[in-house]
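First to last, the protein sequences are chains A and B. Numbering-wise, the working numbering puts 105 at position 105 of the first sequence, and it's gapless, one number per residue. Numbering-wise, the working numbering puts 60 at position 60 of the second sequence, and it's gapless, one number per residue.
It should be emphasised that the hints constitute simulated quantities derived from the structure, not laboratory data. Don't be surprised by glycine CBs; every beta carbon is placed ideally from N, CA and C. Treat the hints with caution; some may be incorrect.
[Claimed, not checked] Derived DEER-like restraints, expressed as beta-carbon distance ranges: (1) 98(B) - 206(A): 41 to 49 angstroms; (2) 82(A) - 62(B): 46 to 54 angstroms; (3) 71(B) - 43(A): 51 to 59 angstroms; (4) 85(B) - 195(A): 50 to 58 angstroms; (5) 108(A) - 94(B): 55 to 63 angstroms; (6) 82(A) - 21(B): 29 to 37 angstroms; (7) 99(B) - 82(A): 31 to 39 angstroms; (8) 101(B) - 59(A): 26 to 34 angstroms; (9) 102(B) - 224(A): 55 to 63 angstroms; (10) 218(A) - 70(B): 24 to 32 angstroms; (11) 45(A) - 21(B): 23 to 31 angstroms; (12) 94(B) - 3(A): 38 to 46 angstroms; (13) 66(B) - 224(A): 33 to 41 angstroms.
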Amino acid sequence: MRDWEAIVEQHLSGLALEPAERSEMIAELAGHLAETCEGLRKQGMTEEEAVRLTLLQVEDWQKLSRLIQTTRTKENAMTNRVKQLWLPSLVTLVLSMGLLALIQIFGPKPWLFGWNGRSRWPFVAPALMVYVPWLLSLPLIGGMGAYLSNRAGGSRRAVLSSVVFPVLPYLAFFVLALPVVVILNDHIAHNIMPRALFVGLFAWVLAPGAALLGGGWPAQFLLSRLLVSRRIVGG
Amino acid sequence: MIGPGIKRGTAELAVLSVLEEGPLHGYELARRIEQQTKGALRFTLAALYPMLYRMEQRGWIRGAWEISESGRRKRCYRLTPTGKKKLSPLRKEWSELFSALRRLTKVSHA
Numbered sequence: 001m002r003d004w005e006a007i008v009e010q011h012l013s014g015l016a017l018e019p020a021e022r023s024e025m026i027a028e029l030a031g032h033l034a035e036t037c038e039g040l041r042k043q044g045m046t047e048e049e050a051v052r053l054t055l056l057q058v059e060d061w062q063k064l065s066r067l068i069q070t071t072r073t074k075e076n077a078m079t080n081r082v083k084q085l086w087l088p089s090l091v092t093l094v095l096s097m098g099l100l101a102l103i104q105i106f107g108p109k110p111w112l113f114g115w116n117g118r119s120r121w122p123f124v125a126p127a128l129m130v131y132v133p134w135l136l137s138l139p140l141i142g143g144m145g146a147y148l149s150n151r152a153g154g155s156r157r158a159v160l161s162s163v164v165f166p167v168l169p170y171l172a173f174f175v176l177a178l179p180v181v182v183i184l185n186d187h188i189a190h191n192i193m194p195r196a197l198f199v200g201l202f203a204w205v206l207a208p209g210a211a212l213l214g215g216g217w218p219a220q221f222l223l224s225r226l227l228v229s230r231r232i233v234g235g
Numbered sequence: 001m002i003g004p005g006i007k008r009g010t011a012e013l014a015v016l017s018v019l020e021e022g023p024l025h026g027y028e029l030a031r032r033i034e035q036q037t038k039g040a041l042r043f044t045l046a047a048l049y050p051m052l053y054r055m056e057q058r059g060w061i062r063g064a065w066e067i068s069e070s071g072r073r074k075r076c077y078r079l080t081p082t083g084k085k086k087l088s089p090l091r092k093e094w095s096e097l098f099s100a101l102r103r104l105t106k107v108s109h110a
């Protein structure tokens, strides 16, 4: 009786998987080979011939090892990226944007800050518009993003990216789109643009980003401490 | 004999179709496919398991260890609801392809 597990183990020694997953896989493949060999023996083949034909099931063990490895890591990486980054990011983005829309429609009026200079108008462009209830809710949304990403095993970078994800579209707008619009559109007063850029960045990127991090960073810190203590308790 | 390219494309459909009839472990699954296709589709271990693991990762099938009647531990695969949903459009796609090829070869022979 052949020790098929030992044979598979020897051939797949380079397979870098979690020990439990690896041993289950080896047991499964060995079981398949054992049954193939038994089937051939039942057809009347000699032990030697059956073993020889059974081993032909795998012409290239290295290729098999590589295929299994690729399958596991690629699919895992895909799934993990969705769970650790894209899903939490989408949740924070939808919650943040949804809440802002609701506050704009039903909430209190925003706080307005601006420069009046020598103008007779109370404010001249650019005015800083702050939705206070929205800003106050952002730490909670950031904390939620951090929790979702951390729970899925996200790295610190994935967690923090999920937390600040809602401000990234604004950042892209102010850094990329706004300068292009200014260059292309002659009707916009260019002298207010540096100030407008600063005001926009502050109101829609820096302040909300800080608020999101204000909830997300402590959540990440606490959750990672919790994970470490669980690992220590679990050995 | 069907070429390797077509075999690769039909392999997932074959596995899903056979598992639709009931859960099976890898060896039995390969044997069943070979029997039902009269030897046209044959899976070696090297071809079968990477595909099964890939399909499992995608959530189309689920493997679980069970004890067989002979007392052996075997990993049985069963179709998941996602796999069932996947099967229907796959069948349609392949059916359309084969119909198109059939029409095409008739035209070529005419």
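Check: Measuring from beta carbon to beta carbon, are residue 82(A) and residue 62(B) in 46 to 54 angstroms?
Finding: violated, 19 angstroms
Item checked: residue 102(B) paired with residue 224(A), Cβ distance criterion 55 to 63 angstroms -> holds, 60 angstroms
Check: Do the Cβ positions of residue 99(B) and residue 82(A) conform to the proposed distance bound of 31 to 39 angstroms?
Finding: The hint (31 to 39 angstroms, Cβ to Cβ) holds, given that residue 99(B) and residue 82(A) are roughly 36 angstroms apart.
Next item on the list: Please test the hint of 38 to 46 angstroms on the beta carbon pair from residue 94(B) and residue 3(A).
Entry: holds, 41 angstroms
Item checked: Satisfaction of the hinted span 26 to 34 angstroms by the C-beta atoms belonging to residue 101(B) and residue 59(A) -> About 30 angstroms separates the Cβ atoms of residue 101(B) and residue 59(A), which means 26 to 34 angstroms holds.
Next item on the list: Note whether the CB distance of residue 218(A) and residue 70(B) lies within 24 to 32 angstroms or breaks it.
Entry: Violated: the Cβ-Cβ distance is about 56 angstroms, outside 24 to 32 angstroms.
Note to self: Given the hint of 29 to 37 angstroms, is the C-beta distance from residue 82(A) to residue 21(B) inside that range or not?
What the structure shows: holds, 32 angstroms
Notebook entry, point to check: Is the hinted range of 55 to 63 angstroms satisfied by the C-beta distance from residue 108(A) to residue 94(B)?
Noted result: holds, 59 angstroms
Notebook entry, point to check: Holds or violated: 41 to 49 angstroms for the Cβ distance of residue 98(B) and residue 206(A)?
Noted result: The hint (41 to 49 angstroms, Cβ to Cβ) is violated, given that residue 98(B) and residue 206(A) are roughly 60 angstroms apart.
Check: Taking the beta carbons of residue 45(A) and residue 21(B), is their distance inside 23 to 31 angstroms?
Finding: holds, 30 angstroms
Check: Range hint 33 to 41 angstroms: satisfied by the CB atoms of residue 66(B) and residue 224(A)?
Finding: holds, 38 angstroms
Notebook entry, point to check: For the pair residue 85(B) and residue 195(A), does the Cβ-Cβ distance stay inside 50 to 58 angstroms?
Noted result: holds, 55 angstroms
The structure is inconsistent with the numbered hints 1, 2, 3 and 10, although it conforms to all the rest.
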